[in-house]
Amino acid sequence: MSGPNKGEMRLSGQGLRCVRGGREVFAGLDFAAGSGETVAVVGRNGSGKTSLLRLIAGLLVPAGGTIALEGGDAELTLPEQCHYLGHRDALKPALSVAENLTFWADFLGGERFDAAESLAKVGLDHAIHLPAGFLSAGQRRRLSLARLLTVRRPVWLLDEPTNALDVAGQDMFGGLMREHLAAGGMIVAATHAPLGIESRELRIGGVV
Amino acid sequence: MPVAGGERFPNRRKPPMTALAALIRRDIRIALRVGGGALIGVLFFLTVVVLMPFAVGPDLALLSRLGPAILWLGALLASLLTLDRLFMADHEDGSLDLITMSRTPLELACAAKALAHWLAAGLPLIVATPVLGLLLNLDMVATAAVALTLLAGTPALTFTGMIGAALAVTLHRGGLLMAVLVLPLSIPVLIFGVAASQAVIVGPMTFGAPFSILCALSLVSLVIGPFAAAASLRHGLD
Chain A
-5 MSGPNKGEMR LSGQGLRCVR GGREVFAGLD FAAGSGETVA VVGRNGSGKT SLLRLIAGLL
55 VPAGGTIALE GGDAELTLPE QCHYLGHRDA LKPALSVAEN LTFWADFLGG ERFDAAESLA
115 KVGLDHAIHL PAGFLSAGQR RRLSLARLLT VRRPVWLLDE PTNALDVAGQ DMFGGLMREH
175 LAAGGMIVAA THAPLGIESR ELRIGGVV
Chain B
465 MPVAGGERFP NRRKPPMTAL AALIRRDIRI ALRVGGGALI GVLFFLTVVV LMPFAVGPDL
525 ALLSRLGPAI LWLGALLASL LTLDRLFMAD HEDGSLDLIT MSRTPLELAC AAKALAHWLA
585 AGLPLIVATP VLGLLLNLDM VATAAVALTL LAGTPALTFT GMIGAALAVT LHRGGLLMAV
645 LVLPLSIPVL IFGVAASQAV IVGPMTFGAP FSILCALSLV SLVIGPFAAA ASLRHGLD
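For the record, the sequence lines run as chains A and B. Quick note: the first sequence uses the working numbering, first residue -5, plus one each step. Quick note: the second sequence uses the working numbering, first residue 465, plus one each step.
Wrong hints could be hidden among the right ones.
[Claimed, not checked] Derived coverage of chain A by chain B (criterion: at least 3 residues anywhere in the stretch with Cβ under 8 Å from a Cβ of chain B; other residues may be distant):
1) 76 to 85
2) 100 to 107
3) 164 to 172
Because the hints were derived from the structure by calculation, they are not lab data. Every residue, glycine too, gets a C-beta built ideally from N, C-alpha and C.
Build out the structure end to end from the sequences listed, making use of the hints.
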């Protein structure tokens, strides 16, 4: 599955320019991903990988250029069709694993998939009633991954997604990404480590 | 097998009420759990009001004259105490990013968060008022008047305070800045809240006039607060 076909979705950005704190992070950046494609954003620290993801997610305003999703739901904006998995897990330590997940499923809306099944897929089904505050870093990451599975969105924006995951977790995550891509999804991932799936490299800034 | 994206990732619009109800439920749940803010506010309120008779001395007439003002000050400070965490906690753990991205308008999400905060932290203050009224030598009518004015006025405190809480997120400064920003806005609420309570106890004003203004302040802040907070959060995206 490669190359955008007719009727499929296509996420693209053209001439993107990002300015943060008065400093130009990058300029004239182009990227594109069709259904089933992955863009791996690479570059040294501070080159603007996270900034690019946040631009796509609508959490930063581009200083120039455009981002568009063709073939998506016309009623929804681009950020509403994205999942953003940032450095921070968006989990509440006082709530249990299940409460955290069902909250995001209820709040994000759209089509829902079984929360218990998603937890089983990420290997957290034994900890459903445990407060999220007791989870390890890797388990927290797995719980955020379950959010991506419970609420389906065509575009996944992943910031260092494999951080804190063990080898088995990275394999599991690779499988989840392949499933997502096979269903026609798109992934834009900022990463230092290899993702474990076929991807197109987008280099920001100079040589790593 | 090309399928249109909209069908493969069905994004049927959910009524925003479901999302808002989920947000309110979550915030109340967190506030009530151990380490949540709800109990801290009430305990602070209790401490301030319980200590006051000891500071003022055994003059019962003076105490009942000061009673409404003490209760109002206590409630004001108690509601400010926990308000600075309103958006900060969500900002720190990244929840705010997802809330901003979601299809629920940010204004509504802000309103829902403020409502949840009021239910978890404001309402208990009002429930505690009759008990504390006893300590301040307030009779039944006076206590009821204070409770009623608190019920009408504390939403204004929460919803104007929310603006300060949103700004505090943007400017990366914590509670102090918030107090400086919000206290001036809450002065009218304090003035009319105490005035309405005093009107019942000593006169000579009628209860109706200051109470109506108090309600008006709450209604105005109910409208302006969410928009101002959402605008501030959007502006401060980074």
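Hint-by-hint comparison with the structure:
no., hint, in the structure
1, 76 to 85, "holds (count 8)"
2, 100 to 107, "holds (count 6)"
3, 164 to 172, "violated (count 0)"
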